[in-house]
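Please construct the entire structure, taking both the sequences and the accompanying hints into account.
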Amino acid sequence: MNLLKIDIFKSNFEKYNDPEQYDLEYQNYLNDVPFLAEWANKQKGTVVDLGCGTGRATIPLAQKGYKLIGVDLHEGMLNHARGKTMNDSLSVEWILQDCTKLSLNVLVSLMYMTGNSFQHFLTNESQNQLLQSVHNHLEVNGVFIFNTRFPILNELAEVDESTRIYQDQRNRKIREKTKETYHPLTQILHCTSSREILDGPGKGSIEQDSISLRYVFPLEMVRLLTQNGFSILKTYSSWKKEPLKTSSSEMIFVCIKN
Numbered sequence: 001m002n003l004l005k006i007d008i009f010k011s012n013f014e015k016y017n018d019p020e021q022y023d024l025e026y027q028n029y030l031n032d033v034p035f036l037a038e039w040a041n042k043q044k045g046t047v048v049d050l051g052c053g054t055g056r057a058t059i060p061l062a063q064k065g066y067k068l069i070g071v072d073l074h075e076g077m078l079n080h081a082r083g084k085t086m087n088d089s090l091s092v093e094w095i096l097q098d099c100t101k102l103s104l105n106v107l108v109s110l111m112y113m114t115g116n117s118f119q120h121f122l123t124n125e126s127q128n129q130l131l132q133s134v135h136n137h138l139e140v141n142g143v144f145i146f147n148t149r150f151p152i153l154n155e156l157a158e159v160d161e162s163t164r165i166y167q168d169q170r171n172r173k174i175r176e177k178t179k180e181t182y183h184p185l186t187q188i189l190h191c192t193s194s195r196e197i198l199d200g201p202g203k204g205s206i207e208q209d210s211i212s213l214r215y216v217f218p219l220e221m222v223r224l225l226t227q228n229g230f231s232i233l234k235t236y237s238s239w240k241k242e243p244l245k246t247s248s249s250e251m252i253f254v255c256i257k258n
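Start counting the sequence shown at 1; every next residue gets the next number (this note's numbering).
Check the hints yourself; a few may be wrong.
As the list claims (entries may be wrong) - Here are the computed distance ranges between Cβ atoms for each label pair:
hint: 1; residue 1: Gly204; residue 2: Glu14; range: 19 to 29 Å
hint: 2; residue 1: Val140; residue 2: Val222; range: 18 to 28 Å
hint: 3; residue 1: Arg170; residue 2: Thr192; range: 19 to 29 Å
hint: 4; residue 1: Asn17; residue 2: Asp98; range: 14 to 24 Å
hint: 5; residue 1: Ser162; residue 2: Leu24; range: 16 to 26 Å
To be verified - As a list, the in silico DSS-like pairs of lysine-lysine whose alpha-carbon atoms are at most 27 Å apart:
hint: 6; residue 1: Lys64; residue 2: Lys241
hint: 7; residue 1: Lys44; residue 2: Lys234
hint: 8; residue 1: Lys101; residue 2: Lys44
hint: 9; residue 1: Lys179; residue 2: Lys15
hint: 10; residue 1: Lys64; residue 2: Lys179
Source of the hints: derived by calculation from the structure; they are not laboratory data. C-beta atoms are modelled at their ideal positions from N, C-alpha and C, and glycine is treated no differently.
Written out as structure tokens, the structure is:
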């Protein structure tokens, strides 16, 4: 049986076609920054933000005085991040690279990947490639921090269709319809969205996109990290360091390179 017959290789770039809108929606989410800053202070040296997007977490950390490298595969998102720091004297370098094939010519003591970006790696092979790439760029005892959504089976088992009307950051009135379908054999959730602009700029137009996200179970993650040369230092359910439990909605892993 070909478990990968489902179109899991479809590009996940659609969600990021409008970097400016993405930035407006998520720029104020800073829950992870104090947590990351604490580890940046412990580990010292350059910090690498993988899947940095528009610099949501990168820039606040650089503003705290840390030296950052922001890495992303989406050129539009990265260009938007560059534009936001063009006139600043922040110590941040933006690099366009595939996180599974990093070539940064530097070893660091801290790397992180937030925003549940780990779920973009849809296959066992790509997960291994990512972790090996991280491992190769960490110093001995270097730390890798990342988060991913907790797989709550009773929620994933049902096809979720919803409609909501809201005002977005561009003052547009939006009617958004979403449909989420989970495929147990691949552990991938496929989400499609359709947004009709009811009022404001672009009134009458419709925006559509889709994204596929891989879920990983806790013990599966332990095996995955162990086999790729990491030990888990801490596991949390939130950036406030709450313990992981069955009702958790996300998992945060703090790992050390063996």
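Tested hints:
1. In this structure the hint that Gly204 and Glu14 lie 19 to 29 Å apart at CB holds, the actual value being about 21 Å.
2. Distance hint check for Val140 and Val222: the Cβ-Cβ separation is about 21 Å, which falls inside the suggested range of 18 to 28 Å.
3. In this structure the hint that Arg170 and Thr192 lie 19 to 29 Å apart at CB holds, the actual value being about 22 Å.
4. Between Asn17 and Asp98 the Cβ separation comes to about 19 Å, which falls inside the hinted range of 14 to 24 Å.
5. Our hint of 16 to 26 Å for Ser162 and Leu24 holds, since their Cβ atoms are close to 22 Å apart.
6. A distance of roughly 21 Å separates the Cα atoms of Lys64 and Lys241; the hinted pair therefore holds under the 27 Å criterion.
7. At most 27 Å may separate the alpha-carbon atoms for a hinted pair to count; Lys44 and Lys234 meet this at roughly 19 Å.
8. A distance of roughly 24 Å separates the Cα atoms of Lys101 and Lys44; the hinted pair therefore holds under the 27 Å criterion.
9. A threshold of 27 Å between alpha carbons decides the hint, and for Lys179 with Lys15 the separation of about 14 Å falls inside it, so the pair holds.
10. For the suggested pair Lys64 and Lys179, the alpha carbons sit about 40 Å apart, so the restraint of at most 27 Å is broken.
Going through the hint list in order, the structure does not satisfy hint 10, though it satisfies all others.
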